[in-house]
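2 protein chains.
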Amino acid sequence: MKCYGKTFVVDTSKSPYAKLRSVPVENVQLEDSFWLPRISTLHEKTLPSQHRIFEETGRIFNFQRVSGKKKGEFKGLYFNDSDVYKWVEAAAFALANKKSDELYKLVRQTLSEILSAQDCDGYLNTYFSFEKKKERWSNLRDMHELYCAGHFIQAAIAYYRAIGEKEVLDAACRLADHINKIFGPNGRTGTPGHPEIEMALVELYRLTGMKEYLELAKFFIDNRGKGLIGGNPYHIDHKPFRELEEIVGHAVRSVYLNCGATDIYMETGEKALLDALLRLWHSMTEHKMYVTGGIGSLYTGESFGMDYDLPNVTAYAETCAAIANVMWNWRMLLATGEARFADVMELALYNGVLAGISLDGEKYFYVNPLADRGTHRRQRWFRCACCPPNIARMLASIPGYIYSLSSKGVWIHLYVQSRAYLDIHGISVDLFQKTRYPWNGEIEIQVQPEEEATFSIYLRIPGWCRRPRVFINEEAAKQPIKPGEYLEIQRLWKPGDRIKLTLPMLVERTVCHPYVMENHDRVALKRGPLVYCVEQIDNPEFDVWALVLPPNSRLEARWDPAVLNGVVVISGEAYAVDMKHGRELYRVEDRSHIEMHKVRFTAIPYFAWANRNQGSMTVWIRSLISA
Amino acid sequence: MKCYGKTFVVDTSKSPYAKLRSVPVENVQLEDSFWLPRISTLHEKTLPSQHRIFEETGRIFNFQRVSGKKKGEFKGLYFNDSDVYKWVEAAAFALANKKSDELYKLVRQTLSEILSAQDCDGYLNTYFSFEKKKERWSNLRDMHELYCAGHFIQAAIAYYRAIGEKEVLDAACRLADHINKIFGPNGRTGTPGHPEIEMALVELYRLTGMKEYLELAKFFIDNRGKGLIGGNPYHIDHKPFRELEEIVGHAVRSVYLNCGATDIYMETGEKALLDALLRLWHSMTEHKMYVTGGIGSLYTGESFGMDYDLPNVTAYAETCAAIANVMWNWRMLLATGEARFADVMELALYNGVLAGISLDGEKYFYVNPLADRGTHRRQRWFRCACCPPNIARMLASIPGYIYSLSSKGVWIHLYVQSRAYLDIHGISVDLFQKTRYPWNGEIEIQVQPEEEATFSIYLRIPGWCRRPRVFINEEAAKQPIKPGEYLEIQRLWKPGDRIKLTLPMLVERTVCHPYVMENHDRVALKRGPLVYCVEQIDNPEFDVWALVLPPNSRLEARWDPAVLNGVVVISGEAYAVDMKHGRELYRVEDRSHIEMHKVRFTAIPYFAWANRNQGSMTVWIRSLISA
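Protein sequence lines correspond, in order, to chains B and A.
Position 46 (the first sequence) corresponds to 46 in the numbering used here; numbering is contiguous.
Position 7 (the second sequence) corresponds to 1007 in the numbering used here; numbering is contiguous.
Honestly, the hints are just simulated from the structure, not real lab data.
For glycine and all other residues, C-beta sits at the position ideal for the given N, C-alpha and C.
Please note: incorrect hints may appear among the correct ones.
As the list claims (entries may be wrong) - List of simulated lysine-lysine pairs, DSSO-like, C-alpha gap at most 27 Å: (1) Lys-19(B) to Lys-580(B); (2) Lys-226(B) to Lys-181(B); (3) Lys-482(B) to Lys-19(B); (4) Lys-71(B) to Lys-19(B); (5) Lys-1580(A) to Lys-482(B); (6) Lys-580(B) to Lys-1482(A).
Claimed, not checked - To give an idea of the interface, some chain B residues facing chain A are shown, with a C-beta separation under 8 Å as derived from the structure: (7) Leu-115; (8) Lys-133; (9) Arg-136; (10) Leu-278; (11) Met-289; (12) Asn-312; (13) Val-313; (14) Cys-512; (15) Tyr-515; (16) Met-517; (17) His-520; (18) Asp-521.
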């Protein structure tokens, strides 16, 4: 038997109510031209540059100050420790996938600084030290102590799984034990203002088998809706969790909370939790999610809006919220094995999340509008810098989201050219995916079991796909192939067996629910998992906000290696209407001045916008209607 | 010489830098079928019902508690006194226009309760009494003490002008003197978190001639931008007033502040103030005002949004903000005599303001969306009840906004069937307007000087009008008649002279600046000063959000006495598109299912929406574009 890694993104291998078990990051080697270059950039640019900024902004200093190595005032925001933890987690995933002495040294050194700042009682938070020590655990709603603790625990778990050094994990257990001494059925009551620790504690339980961590996570969920943190929807404290109907509040908090609740469900099987989660999922996907998978439409409170409140220009759609959306749908997928969760996960990952980082890997969006007049640009950093290290850990862990295992076999969620080394009931099975996905929907999967074996391969047939085709060793699959479901292929697999999956990638005109008034008479172009936008730089002859796509315009997709490091662009014939208008906000329509002229337009994937010269952009394009 | 009233809305008769002087409310007797029935409803329903609610909600009790008449805790919000003051001001204007013993008794009794609650040092605020007394003037930013004081002073001025009893005015002066002892060049520094007192103090200066009140108002303006109240744009404290470029912050605060600054300008002539005011006016009208004259588009902070951020469904557009818009433009008009301010004033009055009250005069909108799915309805009251008494005082003072005087003659701003009794250079001139405005643009003005006299009559030619015509005694006016300007008719006026003004009221299709993405390919119907909307109840055969107006659809305007107490409805042929869509937010466009069928539609004035059965509504209607 080969030696497999253990750097799971979420380890459900012993979770009694999870349908699927995940596959460690180490076991999947990317060989593609989409994600692999991004992960290389992560190694070479993103992670080193983020660490440099940690040094520059006092984030490392804060730990050194507490350990006594340096003197001075605490620097930055009170939850800045969490950025460092997320970076450690990202680096751990990165190291699991690709060894690097340099990166290892940087992480080890960072962890030394962190660990030196831990109190002997297990407490760890550089803000609440010295004169602030007496304020520890006094304001769970606002001060993000449990949030920071959760991120440290997650970082420690990823590091332990990737590197195998137990010291950091022990520190995380000491912190968790410390929290468990203070809170819980026998301690103080409470629940965090910013959820995060719930999923961390469940994962720590999965790793250590210590049931009290699971119980503490459940305790925090059970304490919601009691008014302990103000009773407001913003904090998702207005109702007990199991009674929630509508997804509300700060989007990242809301969806991190759902992640924790899903993790608890996978351990306890409590139906009331799953029922609530499904209601929240419907509320989100049917009323409150952008076509990009972005969530949390409002600037106010970085929160979910009312149903159908999805403005384009003033979309908030925080990068962290799209990441949370991936994390939650991943957990729902593990819990249920249902493809609808993989569909949302893929959508958010390729669009809402990926737009959050520049092609050069060193600039970030916090806010992700769906239309812009050229003023919104990625920044090198933010004072509140939750998004940059969060996108780093998401990118670093991509190999862990491609496959899962179940009692019957292997599930393929994402199509990425890669080699996977799997253990199916004790039999080594290598899977080689050959594909240019997401640019092309032709996927060839070579199945290489160490010996002939009967098991199932579940192919995800994306919900966006029409007329998918599957061949096994040149022979068409016999069962119906349904988009939005997994196709189970159970057979005696022999070394060298080949699956050929064709997911035709048509350029699709997507329309929005008519209750979103802003998107009336507009279409968004999609192709495969990618949402497209028109950006000014590609369309110098007209204002992209003036573009009107007639219904029967032929739309072509074409690989262009010269654009944005190589993307498939969509182009076609359309019209541009007159955008002339004076300074006045309103004027009487002057029919004699309405002009519309034929133009050729080019659209690019949304994730790649704002990487070139400034200019307008829109995802939703006016579409021609005529009587 | 006849005896004229003195209940000015703003008394600029001695203001050296005002172009125009206003005409007291008493001097204009409405005889129309638009405003007069509303003012009757105000007398019969609105004012009595509001007073009843004051009794029910403890607003009167709060005064009785401080005077020792009753015992118990302060009830409601800390600024609830201001609602009572606004009501007194409304009642004073109402009494100026139409005597009523019953209303007079109610006001007098209310004023007794108020005056009994005033401290011997002049202080008046029922929240800051007893145990809260030590907190007086300790938090100018949040506690609305100066705001409440401003409203008391305005109420007292209006009451004194209307009724002539000096006791209440003396109380207002005592309060102003008390404030002047505490603040000002020789006292404490400070500026109010909620502007209001500035215009009250200037008006008190105008009435009493006491210059310290004007200086104190200027002191409060001069103190902005120094960080005394936090330095935030929300409070318009981020910059010195004279350096402001963009209108920002809480809309009512922002525009009340501009009212105060305009009042100060009219007394001091300071150019830097006027320059700032003009910049703010351009910022508002060119980037941040709804087509209804509503302002403050954001729920967040009830504030102005970024440029072109004017959502329809989630419009905030507080009724008080539209009222503030009228008040500010009125002052700018008095200061400059420029018709553009009258245009905005009229627009906001007939649309943004008037939508704030139900036809029965007892229900109110706080928030005024421009599109709705049938859930937004007027309420009998609000916990924060600033809007109901504010709209009452606006309606009660309407007769005062119709005319002004200048050194050369009389200015007609609004067209309303009415009789006005004016004093032009010591000569009594009666003006009788005969018109069905706003339903019809035919206006006949009979000029009745007590003797032949040479003076000018300035007719406002509204900016919305095309091809206006003016006849004097059947003879066409010779000078060019320009919409958006005043037409000066200077001549020897004889008793019985007649002006015939025709402002053709076409149904106009209004388009919006293309930077407001939500209004792309939409038109708003306007006719005369009125903005129209389509409401579901008038259009049972299709969803009003699905209505598409083709460019050449003939639109008819027709008086319908059966609808909404009689309104001019607009109707025509149009199309309705398919609104069928599943639960899903997004789906692939299915061209074979797009249906569009011919319909007849009916539109009603926006101000009258939501007075019948619940249903959808939109101001901006999809408009057909075709290549």
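Cross-check of the supplied hints:
1. Lys-19(B) to Lys-580(B): With Cα atoms ~57 Å apart, Lys-19(B) and Lys-580(B) exceed 27 Å; violated.
2. Lys-226(B) to Lys-181(B): 21 Å, holds
3. Lys-482(B) to Lys-19(B): Judged against 27 Å, a Cα distance of about 20 Å means the pair holds.
4. Lys-71(B) to Lys-19(B): 51 Å, violated
5. Lys-1580(A) to Lys-482(B): 24 Å, holds
6. Lys-580(B) to Lys-1482(A): 24 Å, holds
7. Leu-115: Cβ of Leu-115(B) sits 41 Å from chain A, so the hint is violated.
8. Lys-133: Nearest chain A Cβ about 30 Å off; hint violated.
9. Arg-136: 29 Å, violated
10. Leu-278: 14 Å, violated
11. Met-289: Since the shortest Cβ distance to chain A is 6 Å, the answer is holds.
12. Asn-312: 6 Å, holds
13. Val-313: Status holds, d = 6 Å.
14. Cys-512: 6 Å, holds
15. Tyr-515: Holds. Min distance 7 Å.
16. Met-517: 6 Å, holds
17. His-520: Constraint on His-520(B) satisfied, holds at 6 Å.
18. Asp-521: 6 Å, holds
Comparing the model with each earlier hint shows violations of hints 1, 4, 7, 8, 9 and 10; every other hint is respected.
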